[in-house]
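**Q** The residues making up each chain are set out below.
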Amino acid sequence: MTEGEGRGYTADEMMTVAASRELNDGAVCFVGIGLPSQAANLARLTHAPECVLIYESGTIGAKPEVLPLSIGDGELAEHADSVVSVPEIFNYWLQAGRVDVGFLGAAQIDRFGNLNTTVVGSYGGRRCACRGGGCPEIAASAREVIIMLRHSPRAFVDELAFVTSVGHRHGGDSRRELGYAGAGPAVTITDLGVLRPDLETKELTLTALHPGSTVEEAREATGWELRVAEELGTTEPPTEEELRVLRDLKSRTEAARKETKA
Amino acid sequence: MTEGEGRGYTADEMMTVAASRELNDGAVCFVGIGLPSQAANLARLTHAPECVLIYESGTIGAKPEVLPLSIGDGELAEHADSVVSVPEIFNYWLQAGRVDVGFLGAAQIDRFGNLNTTVVGSYGGRRCACRGGGCPEIAASAREVIIMLRHSPRAFVDELAFVTSVGHRHGGDSRRELGYAGAGPAVTITDLGVLRPDLETKELTLTALHPGSTVEEAREATGWELRVAEELGTTEPPTEEELRVLRDLKSRTEAARKETKA
Amino acid sequence: MNETVTLREAIAALVNDGDTVALEGFTHLIPFAAAHEIVRQEKKDLTLVRMTPDLVYDQMIGMGAAKKLVFSWGGNPGVGSLHRFRDAVERGWPRALELEEHSHAGMANRYSAGASNLPFAVLRGYVGTDLPKVTPTIEPIACPFTGEELTAVPALNPDVAVIHAQQADRKGNVLLWGITGIQKEAALSAKRVIVTVEEVVDAFEEHTFGIVLPSVAVDAVCAVPQGAYPSYAHGYYARSNAFYEAWDPVGRDREKFRGWMERHVLGVEDFAEHLRSIRREGAMG
Amino acid sequence: MNETVTLREAIAALVNDGDTVALEGFTHLIPFAAAHEIVRQEKKDLTLVRMTPDLVYDQMIGMGAAKKLVFSWGGNPGVGSLHRFRDAVERGWPRALELEEHSHAGMANRYSAGASNLPFAVLRGYVGTDLPKVTPTIEPIACPFTGEELTAVPALNPDVAVIHAQQADRKGNVLLWGITGIQKEAALSAKRVIVTVEEVVDAFEEHTFGIVLPSVAVDAVCAVPQGAYPSYAHGYYARSNAFYEAWDPVGRDREKFRGWMERHVLGVEDFAEHLRSIRREGAMG
Numbered sequence: 001m002t003e004g005e006g007r008g009y010t011a012d013e014m015m016t017v018a019a020s021r022e023l024n025d026g027a028v029c030f031v032g033i034g035l036p037s038q039a040a041n042l043a044r045l046t047h048a049p050e051c052v053l054i055y056e057s058g059t060i061g062a063k064p065e066v067l068p069l070s071i072g073d074g075e076l077a078e079h080a081d082s083v084v085s086v087p088e089i090f091n092y093w094l095q096a097g098r099v100d101v102g103f104l105g106a107a108q109i110d111r112f113g114n115l116n117t118t119v120v121g122s123y124g125g126r127r128c129a130c131r132g133g134g135c136p137e138i139a140a141s142a143r144e145v146i147i148m149l150r151h152s153p154r155a156f157v158d159e160l161a162f163v164t165s166v167g168h169r170h171g172g173d174s175r176r177e178l179g180y181a182g183a184g185p186a187v188t189i190t191d192l193g194v195l196r197p198d199l200e201t202k203e204l205t206l207t208a209l210h211p212g213s214t215v216e217e218a219r220e221a222t223g224w225e226l227r228v229a230e231e232l233g234t235t236e237p238p239t240e241e242e243l244r245v246l247r248d249l250k251s252r253t254e255a256a257r258k259e260t261k262a
Numbered sequence: 001m002t003e004g005e006g007r008g009y010t011a012d013e014m015m016t017v018a019a020s021r022e023l024n025d026g027a028v029c030f031v032g033i034g035l036p037s038q039a040a041n042l043a044r045l046t047h048a049p050e051c052v053l054i055y056e057s058g059t060i061g062a063k064p065e066v067l068p069l070s071i072g073d074g075e076l077a078e079h080a081d082s083v084v085s086v087p088e089i090f091n092y093w094l095q096a097g098r099v100d101v102g103f104l105g106a107a108q109i110d111r112f113g114n115l116n117t118t119v120v121g122s123y124g125g126r127r128c129a130c131r132g133g134g135c136p137e138i139a140a141s142a143r144e145v146i147i148m149l150r151h152s153p154r155a156f157v158d159e160l161a162f163v164t165s166v167g168h169r170h171g172g173d174s175r176r177e178l179g180y181a182g183a184g185p186a187v188t189i190t191d192l193g194v195l196r197p198d199l200e201t202k203e204l205t206l207t208a209l210h211p212g213s214t215v216e217e218a219r220e221a222t223g224w225e226l227r228v229a230e231e232l233g234t235t236e237p238p239t240e241e242e243l244r245v246l247r248d249l250k251s252r253t254e255a256a257r258k259e260t261k262a
Numbered sequence: 001m002n003e004t005v006t007l008r009e010a011i012a013a014l015v016n017d018g019d020t021v022a023l024e025g026f027t028h029l030i031p032f033a034a035a036h037e038i039v040r041q042e043k044k045d046l047t048l049v050r051m052t053p054d055l056v057y058d059q060m061i062g063m064g065a066a067k068k069l070v071f072s073w074g075g076n077p078g079v080g081s082l083h084r085f086r087d088a089v090e091r092g093w094p095r096a097l098e099l100e101e102h103s104h105a106g107m108a109n110r111y112s113a114g115a116s117n118l119p120f121a122v123l124r125g126y127v128g129t130d131l132p133k134v135t136p137t138i139e140p141i142a143c144p145f146t147g148e149e150l151t152a153v154p155a156l157n158p159d160v161a162v163i164h165a166q167q168a169d170r171k172g173n174v175l176l177w178g179i180t181g182i183q184k185e186a187a188l189s190a191k192r193v194i195v196t197v198e199e200v201v202d203a204f205e206e207h208t209f210g211i212v213l214p215s216v217a218v219d220a221v222c223a224v225p226q227g228a229y230p231s232y233a234h235g236y237y238a239r240s241n242a243f244y245e246a247w248d249p250v251g252r253d254r255e256k257f258r259g260w261m262e263r264h265v266l267g268v269e270d271f272a273e274h275l276r277s278i279r280r281e282g283a284m285g
Numbered sequence: 001m002n003e004t005v006t007l008r009e010a011i012a013a014l015v016n017d018g019d020t021v022a023l024e025g026f027t028h029l030i031p032f033a034a035a036h037e038i039v040r041q042e043k044k045d046l047t048l049v050r051m052t053p054d055l056v057y058d059q060m061i062g063m064g065a066a067k068k069l070v071f072s073w074g075g076n077p078g079v080g081s082l083h084r085f086r087d088a089v090e091r092g093w094p095r096a097l098e099l100e101e102h103s104h105a106g107m108a109n110r111y112s113a114g115a116s117n118l119p120f121a122v123l124r125g126y127v128g129t130d131l132p133k134v135t136p137t138i139e140p141i142a143c144p145f146t147g148e149e150l151t152a153v154p155a156l157n158p159d160v161a162v163i164h165a166q167q168a169d170r171k172g173n174v175l176l177w178g179i180t181g182i183q184k185e186a187a188l189s190a191k192r193v194i195v196t197v198e199e200v201v202d203a204f205e206e207h208t209f210g211i212v213l214p215s216v217a218v219d220a221v222c223a224v225p226q227g228a229y230p231s232y233a234h235g236y237y238a239r240s241n242a243f244y245e246a247w248d249p250v251g252r253d254r255e256k257f258r259g260w261m262e263r264h265v266l267g268v269e270d271f272a273e274h275l276r277s278i279r280r281e282g283a284m285g
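Chains as they are written, first to last, in my numbering: chain R, 1 to 262; chain D, 1 to 262; chain F, 1 to 285; chain C, 1 to 285.
What the hints contain is simulated information worked out from the structure, not anything from laboratory work. Given the structure is predicted, the values throughout are model-derived calculations rather than measurements. Hints may contain errors.
[Said to hold, decoys possible] No farther apart than 25 Å at their CA atoms in a straight line, the calculated lysine to any residue pairs in the SDA-like style are these:
id, chain 1, residue 1, chain 2, residue 2
1, F, Lys68, D, Val119
2, D, Lys63, C, Phe204
3, R, Lys258, C, Arg95
4, C, Lys171, D, Arg21
5, D, Lys258, F, Tyr237
6, D, Lys63, C, Leu175
7, R, Lys250, C, Ser81
8, D, Lys63, F, Ile211
9, R, Lys63, C, Gly235
10, R, Lys63, F, Ile211
11, F, Lys67, C, Phe145
12, F, Lys191, R, Glu144
13, F, Lys191, R, Asp25
14, F, Lys171, R, Arg143
15, D, Lys63, C, Lys133
16, D, Lys258, F, Phe145
17, C, Lys191, F, Phe145
18, C, Lys191, C, Gly78
19, C, Lys133, R, Ala181
20, F, Lys67, F, Lys256
21, C, Lys191, D, Gly26
22, C, Lys68, C, Pro136
23, D, Lys63, C, Arg170
24, R, Lys258, C, Thr4
25, C, Lys256, R, Val119
26, R, Lys258, R, Thr239
27, C, Lys133, R, Asp158
28, R, Lys63, C, Gly78
29, C, Lys68, F, Lys256
30, C, Lys133, R, Glu65
31, C, Lys133, R, Glu177
32, F, Lys171, R, Glu65
33, D, Lys250, F, Lys256
34, F, Lys191, R, Arg143
35, F, Lys133, F, Lys171
36, D, Lys63, F, Gly78
Produce the entire structure from the sequences given, and follow the hints as far as they go.
**A** Below, the structure is given as structure tokens:
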């Protein structure tokens, strides 16, 4: 989270701003906690005031004033359009295909956008889940998926320790055989740039770099031989407005946390 | 509905009172509209104040001041402990085995307590449902069933025009093969007397007569050769309290209907 | 995602001839105004879906709008039979009516499966009854863990669901309370959703915890005060039991029925005029 | 059917060694007081069921109460791992812990099936993930109408469900509102139900339309103010994010953890004293 060489914003801020821009106004978005929640709320507070944020705790149209620490903070229910039960949010909303965008983070990603959100331990020599994956159905059923995670060789791996959520599976048309309604990952935003699946092979391809990042950095931070688009774009830097709204949101959040501590 | 030879109450009143006495205090009772609803509310207003009346519209613990005309009158929701959705009342309450007593009327009954509540018409020579049976699951899943209907050869038939709800099926243990949780009809109350299934064969057996009724009347009003218990009891006539409460309930109901008409 | 439009516009835009249409409301909040508008626009060959057909479908069937009915209990509650429904089934007047009969539990679970984007639902029921003899859409299914046999019924996914609710807000979120029956599932199972409401409000009272159907789940919201009459809207008006009773002789007779519908439904502009028309005549409610 | 009893009496009477026990509450209304009482009474060999294990199960697992965990996501929300859970799984301390992992959607549908007295539930999910490799309770199932293949998971029917709610009335009806998660299904799927509440009131405010669990569905109601701390009770108190953050170093170290539990849970009479105890120390929340 260091300031990028005098550019006046951090790499994490660039990542959050770039991710927020991917969310269209009016979209119904199933939001993961953490970075995706930050980016989705930035979108709601800037260019996408009519997006409908859904959290797995059953809040539809959540409008948190401060960022929730957990997926079921009271903040999410307080101003939501509707609060429904957990079976209902998964069956009547997600599985029913009412979610336009799944906005997800992950611990690991592979070249086809498959995700590991399961912290894996080992017990008696056997690999086992030590945290659990939560909701693989978001990646399965949302019409498309936006992924956010920091670029590093530990995160961008050749082989996932555990496939929690299916992206483009083995690439090509292989996802389609599973019968899921959603189209899978549309874009992955990192602190270095933007990756989109190749139209044919579905392999993640670096299509844009954030200002100041290099292809070499991205290659070094990727655990497989990273494909790079022939026409490589550059992300528009954050606007003053985007930075102001994001920083306000984060400082409101910090202040609220200190308040409950006191 | 004529007054029974100077006894000060009608045969219908005797039937309703006798049926109401079958409902134990504290029982969870799934109530059919019409006569069963009248008897169940009489029970609630006399000896069974803690019975929990459920109507299929999703009202749990309904306490109507006046008798509802339909299964979903606002009256039922107004003072209920809880109002739930229709899927929930059928799945989480009835199918789940939370209902102690199903309190049902019917158009027709056979010797094993199977019920027809489907009005059957004919079209192109084919028999078809012209009203629909509504909820056969009450007779299937309630722990036991209380049936109320007026004794007549058109109602007590050798063969049902349509099996809407399963009673003791073909008698004996034949109901059990269907895998339903409930034990089936425990008692049938008519305007002439009380019928209970034989312990072995499960055939309906006349076990008590209301004051003034005769075995001959009951036999004539039954479309099969009616079995009569060796020790035939006589129903206790309605108490003054029972009659007062029942008549109050009915006159309140009449008054409320005239009011909405005006 | 939805806009407040007139009911006429909503029905014209969203209901097509041949559609499968579900008008739901379990005794409470029955969308009569929308049914009348469908009749006025002479929509044809509809497959009508509804747990409890009630007068609302008696009127639509009697006007020949339906080719098929999917239902679980058809009657005039507390009064008797639906005569137009029966006439269509038994004598094909004004046209033949195909029937698909289920139980209430079956219909409720079929809507739930539809709302969940599943092709079928599982329940305990039907076995031992005569329903499977007349209804082909009932199949056994075995539990893959215990081997126990249960019953499967196919999902319902109507082309259009129509419900009536107490309120919508300016954004098109819909709020209903009281007996809410199967409305949420019916709406969420359908491809298109029309909601008539008693009134549009600036904002809902906070924390009522009624059922809110978010605006993204609704295609059209139409303000139609008393749009559920002669059924009721909890908090707004009571059920007109008198209307239900007075319907019996009207529905019983083909000529009387046609005359009534021509005078009070076809011959009026909208539901407000319908209400004035029947009240002027003083015959009902 | 239920009576207001002390939490100590309720746990003693209704929770047995070896039981399958579900303490539910999705971030909101987590029944910490009941978990502590189970630990104080040294209940053993429990199969713990919960969508999101959270600190509440970290504490129970760390004290050796559980032999198995059925879950879908285990973590300290917004903070990190559950170290006691992880220590039990990876190093068998203080005892080995068997795992059965599902997805949230799977767990939610397993409870719904249990509440519906069905042996299994159907959903779209799991295929393509590694979950079926580690979890045997996942089977394919074909739609009897379309032939489409879906996924079946077995019903959950815990011996005991424990939830925390805002209010009970004098008759034992229970009212909860805000984020209500999976509590209704968990309670209705269980053989026995214990509810701790913030307060017992003479009557609920009319027409709040929160979730009411009727008294016949509840075996014991226990008044335990702040019984969901450090999680929150909408309308009563906020979540103590500070406690969740402060738990990390405590849970990370076996000795620190044992010491904390001995001082603040085993060494106190009840939850009120627990709250005084941790506040006296000033370390948390």
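**Q** Checking one constraint from the list: CA of Lys191/F to CA of Arg143/R, max 25 Å. Satisfied?
**A** holds (16 Å)
**Q** What's the verdict on Lys258/R and Arg95/C, does the C-alpha distance respect the 25 Å limit or exceed it?
**A** Violated - the C-alpha atoms of Arg95/C and Lys258/R are around 37 Å apart, more than 25 Å.
**Q** Would the pair Lys171/C and Arg21/D pass a check requiring their Cα atoms to be no farther apart than 25 Å?
**A** holds (24 Å)
**Q** Does the structure keep Lys258/D and Phe145/F at a Cα separation of 25 Å or less?
**A** violated (57 Å)
**Q** Holds or violated: Lys67/F with Phe145/C, Cα cutoff 25 Å?
**A** holds (23 Å)
**Q** Need the status of pair Lys191/C, Gly26/D: alpha-carbon distance at most 25 Å?
**A** The given pair, whose Cα atoms are some 19 Å apart, holds under the 25 Å limit.
**Q** Please work out if Lys63/D and Lys133/C have their alpha carbons no farther apart than 25 Å.
**A** Answer violated: Lys63/D to Lys133/C is near 52 Å, above 25 Å.
**Q** Tell me if the straight-line CA distance from Lys67/F to Lys256/F falls inside 25 Å.
**A** Holds, at roughly 22 Å.
**Q** Decide if the proposed pair is consistent with the structure: Lys63/D and Phe204/C, CA atoms, cutoff 25 Å inclusive.
**A** The hint holds at about 16 Å.
**Q** Given the hinted pair Lys258/R and Thr239/R, is their Cα-Cα distance within 25 Å?
**A** violated (29 Å)
**Q** Can you confirm whether the C-alpha distance between Lys68/C and Pro136/C stays at or below 25 Å?
**A** holds (14 Å)
**Q** Please work out if Lys133/F and Lys171/F have their alpha carbons no farther apart than 25 Å.
**A** With Cα atoms ~47 Å apart, Lys133/F and Lys171/F exceed 25 Å; violated.
Of the numbered hints given earlier, the model fails hints 3, 15, 16, 18, 24, 26, 29, 30, 33, 35; all others are met.
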